[in-house]
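Engineer: Model the placement of chain B on the given structure of chain A, informed by the hints.
2 protein chains.
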Amino acid sequence: MTITTTADRFLTDFHEVAQIGRTDRGGVERQAATDADRQTRDWFVAFARERGWAVEVDRIGNVFARVALGEGAGSAAAGAGSAILSGSHLDSQPRGGRFDGAYGVIASLHAAAEVERRVRAGELSAIHDLVVVDWFNEEGSRFAPSIMGSSVYTGLMDCEEILGVRDLAGTSVREALDGIGYRGDTAGPAGIVGYAEVHIEQGRILEREGIELGAVDSSWYTQKLDIEVFGEQSHTGATAMADRRDALVGAAQIIMLVRDICREFTDETLVSSVGQMTVEPNSPIVVNSHVHLVADLRANDPAIVQRARDLLVERFQRVAEEELLEIRATDFDVRPNRYYPEAGVALQERVAADLGLGIRRMQTMAGHDSVAMNTVAPSVMMFVPSVDGVSHCEREFTRDEDLVNGLRALTGVLAEMVGGALDGVAYPGAAPDARAADAGRSDR
Amino acid sequence: MTITTTADRFLTDFHEVAQIGRTDRGGVERQAATDADRQTRDWFVAFARERGWAVEVDRIGNVFARVALGEGAGSAAAGAGSAILSGSHLDSQPRGGRFDGAYGVIASLHAAAEVERRVRAGELSAIHDLVVVDWFNEEGSRFAPSIMGSSVYTGLMDCEEILGVRDLAGTSVREALDGIGYRGDTAGPAGIVGYAEVHIEQGRILEREGIELGAVDSSWYTQKLDIEVFGEQSHTGATAMADRRDALVGAAQIIMLVRDICREFTDETLVSSVGQMTVEPNSPIVVNSHVHLVADLRANDPAIVQRARDLLVERFQRVAEEELLEIRATDFDVRPNRYYPEAGVALQERVAADLGLGIRRMQTMAGHDSVAMNTVAPSVMMFVPSVDGVSHCEREFTRDEDLVNGLRALTGVLAEMVGGALDGVAYPGAAPDARAADAGRSDR
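Quick mapping for you: the protein sequence lines, in order, are chains A and B. Okay, so the first sequence: first residue is 0 according to numbering that gives the first Met the number 0, each after it adds one. Okay, so the second sequence: first residue is 0 according to numbering that gives the first Met the number 0, each after it adds one.
Chain A with its partners taken away, still in its complex shape (with noise of 0.2 Å):
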């Protein structure tokens, strides 16, 4: 098997994933337990058993396909001994594209088989096993917080607790996930190694510099703010202008104070904006009482993010007075920054070399798997380009040729990694010797 006929049968495979819960406009829409979530995974494990690889559902829906690959693997039970996972998710935002997170769990099944056959040619010597995962609710639109699956198994989340969440509808992740199929009962692999992750960038940066992939160093530090804003219902009509205390008049002048503060701030540092809004009572002719804002706020430098978020909260209050309204923020889903390992951005940059491909270190804005994964195997993250910069939108969009780069890559670092060579790595997550060590690094 050639790596030309890897690649034909990864992008048929891609392609044909991207039928499932596929838009008019050539977007997915698949959310975390949906049917459509259900049909990717069942893609996904029938991918896995054809090659004989032991499938392992656990506790809060994750989808684990193991190939034995290390030592004694061909007589372990399957789950026993050391692995490598790799991997990204299947589910996707409400009309979303159809490359955020599936390219990063079909790459990864295609160069987990591509790591098998070279072993089991003797091309290659492995020490792991290499586990390719679908974690569960990514996204995060459905059941909010996002990046859920990887969260509850690496111990950042409570499993109980995120069973637990519930949709707009009212459906708990339990119910939804039973209702799939696909609730089980473990806590996962044990004895993983390291983690190694590709997805689009969502950004310019490789496109705008023509370079076909990115080693992310680092992420940004986030976090959400949860407003609530109440007034008084009353009558649209019958109402006298004065009397009227309009919460949606406050939610308005707080979408607008989240976006504009984005320009008291060097341009770029920081991202901010209003997501997710509820409306009450929502009725043609009802002044609203009650309206339920998310916003998001992103930089690199924390203090940028803890500035903003505090001029915010002083400005809603006056917003609360001018008014007549209450208006409540809490802070929530606050991500420090996490640096990868210094020793995987360089294995992706010899790697890249190996290849012939153009490779520059960057930063993610955006939240992975892999940022959660990071803080207890050393972790590996890849970027390739997003045609414009899009995501999170049926216009997102990347060439076939750097889908079949990033999995060349990608197969690239696990052949690497199944062979020990980030062993032993520290995973600083964000301890404050690793942002030291960070600290000189030129890009940033």
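Simulated from the structure, these hints should not be mistaken for laboratory data. The structure presented is a predicted model; accordingly, all values stated were derived computationally and were not measured. Fair warning: there could be bad hints in the mix.
Computed footprint of chain B on chain A, listed as stretches where at least three residues anywhere in the stretch have a Cβ under 8 Å from a Cβ of chain B [to be verified]:
no., segment
1, 285 to 299
2, 314 to 323
Pairwise CB distance ranges, derived in the manner of DEER restraints [stated by the list, open to error]:
no., chain 1, residue 1, chain 2, residue 2, range
3, A, P301, B, D23, 40 to 48 Å
4, B, D23, A, E263, 41 to 49 Å
5, A, R119, B, L323, 48 to 56 Å
6, B, R50, A, A241, 40 to 48 Å
7, B, L354, A, T277, 44 to 52 Å
8, A, V386, B, D266, 32 to 40 Å
9, A, G178, B, A168, 16 to 24 Å
10, B, A189, A, D177, 54 to 62 Å
Think of the CB as a built atom: it goes at the ideal place given N, C-alpha and C, for glycine as much as any other residue.
Structural biologist: Same frame as chain A, but now just chain B:
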């Protein structure tokens, strides 16, 4: 039976009906064609049947109860002959007040019972029957537009079209009415020669001036704007601020423009709010691509509404250009000023004087079923005070003694109308000559 016992029975019934769909803060949740709405209808039908009144449900779910009083009433089949109609609506806004609408229906039932008693006792002679009505979906919160039942009955709206209107969950009016067993097949009673309705003011004028009754002489000019904002979905974390085309940011500016436009006109001559809003895809980490808003604009002077509307549409386009969005605004539900017959206003004043109650002429800013009825029969609209002027909320309140004053005045008006007091009176609607006749009034 004395007026006092009639008042007691009325208050008992009024407070009993307020238990149906009761909310924890003393309001009611009885949106059109829900189970709570069905329960009030069942109560209405039981009230009528106990008294031997014939009940009719028309094709749009209005419920009529006919009190046979007129000449030949004893022998004619129910529905034959001329009649005076009186009523309002039992449906509510979401978490609405217990007075809005329900007061007028229950007062009409008790007024009709008292008029019947007087006729049977030989104290009063009637040439018309009396029909009490519970109009379907006056509120328009679940199914838009509002004033649905009386508008279909009077031919202002097309029945088939309205039966096809769907709520946000996709249920049609037809399905919802079938679901509660209140879709009939008649066009409602023929031969209606007059209409009377009593309602809470929903404003502060009567309370501020300490006057018991308001005789409504006209309604404000109203219109709605249906506004759609289109942007592009992207990632709240990974997309550069400069690349975001956030429909919610456009919507926020529209909400503020709609509110602030009122400040460009004399205080309280224009009222305007956005009541309804839907956001897509409404996920915490997605920049929204589509927002739909409904704005409500009202003034006594149509030129003010039209000027405000033109300024708003022009400003929306500026927002669209600045934010790289597409914004479409469409006029709908335009309702011209309506003028109630002078003879009906004068009748209310005579009845109030006989009862020793204060009364003033006034306008209605809110729409009412009487506005629709006034296009087909001379109509009388009467207000009682609202505490603090608040309505469409759980805090809506009118004191028992004001409710009883309104009941007594309505009884007096209906007693005159079944005797022919408004027979042959012109019901001018928005006809120019009516407006000219109105122009000299001192309280305009």
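Engineer: If a hint holds in the structure, say so; if it does not, say that too.
Structural biologist: Hints versus structure:
no.	hint	result
1	285 to 299	holds (count 7)
2	314 to 323	violated (count 0)
3	A:P301 with B:D23: 40 to 48 Å	holds, 42 Å
4	B:D23 with A:E263: 41 to 49 Å	holds, 43 Å
5	A:R119 with B:L323: 48 to 56 Å	holds, 54 Å
6	B:R50 with A:A241: 40 to 48 Å	holds, 45 Å
7	B:L354 with A:T277: 44 to 52 Å	holds, 48 Å
8	A:V386 with B:D266: 32 to 40 Å	violated, 53 Å
9	A:G178 with B:A168: 16 to 24 Å	holds, 20 Å
10	B:A189 with A:D177: 54 to 62 Å	holds, 58 Å
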